[in-house]
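Based on these hints, arrange chain B on the given structure of chain A.
Each chain, letter by letter, is given below.
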Amino acid sequence: MESKVLKPILAVYVGLFILFLYGPFIVLGILSFQQGPEGGPQFPIIEWSTYWYRHLFGLTPPSRIAPLPVGEALVRSLTLAFMTMVTATVLGVMAAQAFRKRFRGAGIVFYLIVLGMMVPGVLTGLGTSLLANNVVGVERHWWSTAFLAHVVYTFPFAFLVMLAILNRFDGSVEEASWSLGVSPMKTFRKVTFPLIFPGVLSAMLFAFTLSFDEFPRTLFASGRDQTLPLAIYGTFSVEIHPNIFAFGVMTTLFSFALLAVYGILMGLSVRRAKKMAMQEDIA
Amino acid sequence: MTATSRIRQKKTTFRLLAPGVVWMILFLIAPIMMIVYVSFWTQTTFAINSSLTLDSWKNFFASEAYVGALWTTIRLWLIVLTLTFVIGYPAALYVGLMVKSKTISTVLLVLCVIPFWTSFLIRVLAWRPMLGKEGAINIILLKAGIIHTPIEVLLFSELSVIIGMTQIYVVFMVGPIAFMLGRIDHNIIEAARDLGAGFGRIFWKIIFPLSLPGVVVGAIFVSVMVLGEFATSGALSGRKVNLLGNIIVTQVGSLKWAMASVVGVILTILLGIVVAGFLRIVDLKREI
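Listed in order, the protein sequences are those of chains A and B.
Per our numbering, the first sequence starts with residue 1, numbered consecutively.
Per our numbering, the second sequence starts with residue 1, numbered consecutively.
Everything labelled a hint here was simulated from the structure, so no lab data went into it.
Be aware that a few hints might be false.
Cβ-Cβ distance ranges computed for the label pairs, FRET-style [said to hold, decoys possible]: (1) B:T82 to A:I108: 30 to 36 Å; (2) B:F208 to A:S183: 49 to 55 Å; (3) B:D283 to A:I30: 22 to 28 Å; (4) A:I240 to B:D283: 46 to 52 Å; (5) B:G238 to A:I264: 41 to 47 Å.
Just some of the chain B residues that point at chain A, by a computed CB distance under 10 Å [said to hold, decoys possible]: (6) L111; (7) I114; (8) L121; (9) I122; (10) L125; (11) K133; (12) L195; (13) F199; (14) W257; (15) T268; (16) L271; (17) V275; (18) G277.
These figures come from a predicted structure and were not determined experimentally.
For each residue, glycine too, the CB sits at the ideal point set by N, CA and C.
The shape of chain A in the complex, shown without the other chains (with noise of 0.2 Å):
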C-alpha cells in the first residue's frame, strides 16, 4: 500500500515544514544572547551574555547605542487593546445575538461585518485617515481614529466565535427562564451569558492579540504618538541591533503568559460550569 510509503516521507515533510516555521525564531532567539555592546546582529556569537536583555530594561550603562522606544509605547498598545477588546466584544456578542433570529437583509450584514476582516489594513487604514484628515478634520490619535480601525478589524472575529458559539447553544434552557417570569434582560445575564461565557473568553482574547499586534491601521490611522508595533517599525528603517532580538523573545513570552491566563480562566469556567451541573444533580 502507497500510504505504508507516503506517510513516514509526509512525517518528516511536516518535521521539515515546523522547522521551516520555527527556523527564523530559533535563529532569533540564539542571536538576542549576542555579546553586547560591540556584537552585531548577526552570527558568531562573540560571547554569550544577556547583555541586550539588560540594555532592554535600562540596566546597563549608556552606550552608542540607543535603547528602543517602548515604554510608553507598551502602554499604550496595553490601553488601546483593552477598549478594542471590550468593544468589540460587546458588539460582536450583540450581533451574534441577533442572529439567531432569521430577519430580511441577514446577507448583506453577515457579508457587511466580514468584511471588516476582509479589507486589507493599508486600505482601511487610508480610508481612515482620509476622513479624519479631509473631511471631518480632527487629528488622527491612537485612542480615536487608530481605536476606530481596530474595531472594525477585531470585531468581525468576536462575531464569528460567538456565532460558532451561539450556534450550538440549547435555546430551551432560556425558554424556560422566560416561562417562569424573568426578564429577557435578567435571562440573558443569569442564563445565556454563563453559558457562553467560555466562547467570550475566546473572543475576547482574539480581539485583544490582534489589536496589540496590529500594525498597518495603526501605521495610518494614530498620529505622533506611537504604539508598540510602529515602535518595533520605527527601528526598522535605522541599522538594527541585537536588543530587537531580545525584545521579540520578551514579546513572544508575554503573549505565551496571556495565553497560559486564557488558558486558567477558561479552565475556571470549565470547572465551575461542571459544578453547577453536579449541584443541579444533587438538587
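Just chain B, lined up with the frame of chain A:
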C-alpha cells in the same frame, strides 16, 4: 407567534444589530468610499482640494514606477500563492488526513499557530539574521561545503520577500485545507481502495476535489494578505521591491493623498477581481 411579539422581536434584533452595523458603515464603508472620491481630487504640492480631476489617474498610468508596482504586486502574489499551496498542501494532507489520532493532529495544528503569538513585525525581522550574507543559512551551507562563497541574493532582494511572505502566510493555507480534509469520510477512501483504485487515483478523484473549498478559503486568505502587504517587502527588500502597499505608504508620507487614493482604488479593484474569481470556483455557502 402573535403579531405583537413578532414586532417586539424585530425591535430586539434591530437594537442588537444597530451599533455594529452603524460602526461598520461609518468606519469601514465610508472610508473606502472616501478613497474612491479622493482619488479624483486635485493635488497641489502640499494640499488637496475637492475639485474633481482625472490628473492623479493619468499620472498613475503614465508613471513606469507605479505601473511597475502593480505588476510586481501581481507577480509576487502569484508566486507566494503558488508556494503557499505547494508547500502547505502536503503538510495539510498529513495533519488532516494521514494522522489517525485527533490529539496528534490538534497538537500539530497548535504548533503551526504558536508563531502567530509573536509580533508580526518581529516575525518579519527574524528573517534578517537568517538570510543575510553572514546569516544562518549561508553559514550552514558554507560549513557543509555546498557553497564556497556566501549567497548574497538571499537578503534585500525579491527572493527574501518571497521567502518571508511564504513562511508568514503558509499557515493560512494549511488550516482551511486540513479542516476540509479532516471532514472526509474514511469509508469513501476504503471503498475506493477495495474497488482497486491506487493512491494517485484516490487522491485526484476523491481527496483533492473534497479539499477544494479549503484550498479556495486558504487562497482567499493568502491573497488578501499578500496583496495588501507593505511591511514585509519594506523590511526584507531594502526598499528594492515596491508593492502597491508601499506606494500608498510613501505617498501618504509625502501628503500626496490623491495619488495614494488612486493606488488604493486599484488595489481594491484587484482584490475584488481575485476574490470574486476564487468564489466562482467553489460555492462556499453550499460547501460550508
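Going down the list of hints, with the structure as the test:
| no. | hint | result |
| --- | --- | --- |
| 1 | B:T82 to A:I108: 30 to 36 Å | holds (34 Å) |
| 2 | B:F208 to A:S183: 49 to 55 Å | holds (53 Å) |
| 3 | B:D283 to A:I30: 22 to 28 Å | violated (48 Å) |
| 4 | A:I240 to B:D283: 46 to 52 Å | holds (47 Å) |
| 5 | B:G238 to A:I264: 41 to 47 Å | holds (44 Å) |
| 6 | L111 | holds (6 Å) |
| 7 | I114 | holds (8 Å) |
| 8 | L121 | holds (5 Å) |
| 9 | I122 | holds (4 Å) |
| 10 | L125 | holds (7 Å) |
| 11 | K133 | holds (8 Å) |
| 12 | L195 | violated (15 Å) |
| 13 | F199 | holds (4 Å) |
| 14 | W257 | holds (6 Å) |
| 15 | T268 | holds (6 Å) |
| 16 | L271 | holds (7 Å) |
| 17 | V275 | holds (8 Å) |
| 18 | G277 | violated (15 Å) |
Of the hints listed earlier, those the structure fails to meet are numbers 3, 12 and 18, in rising order.
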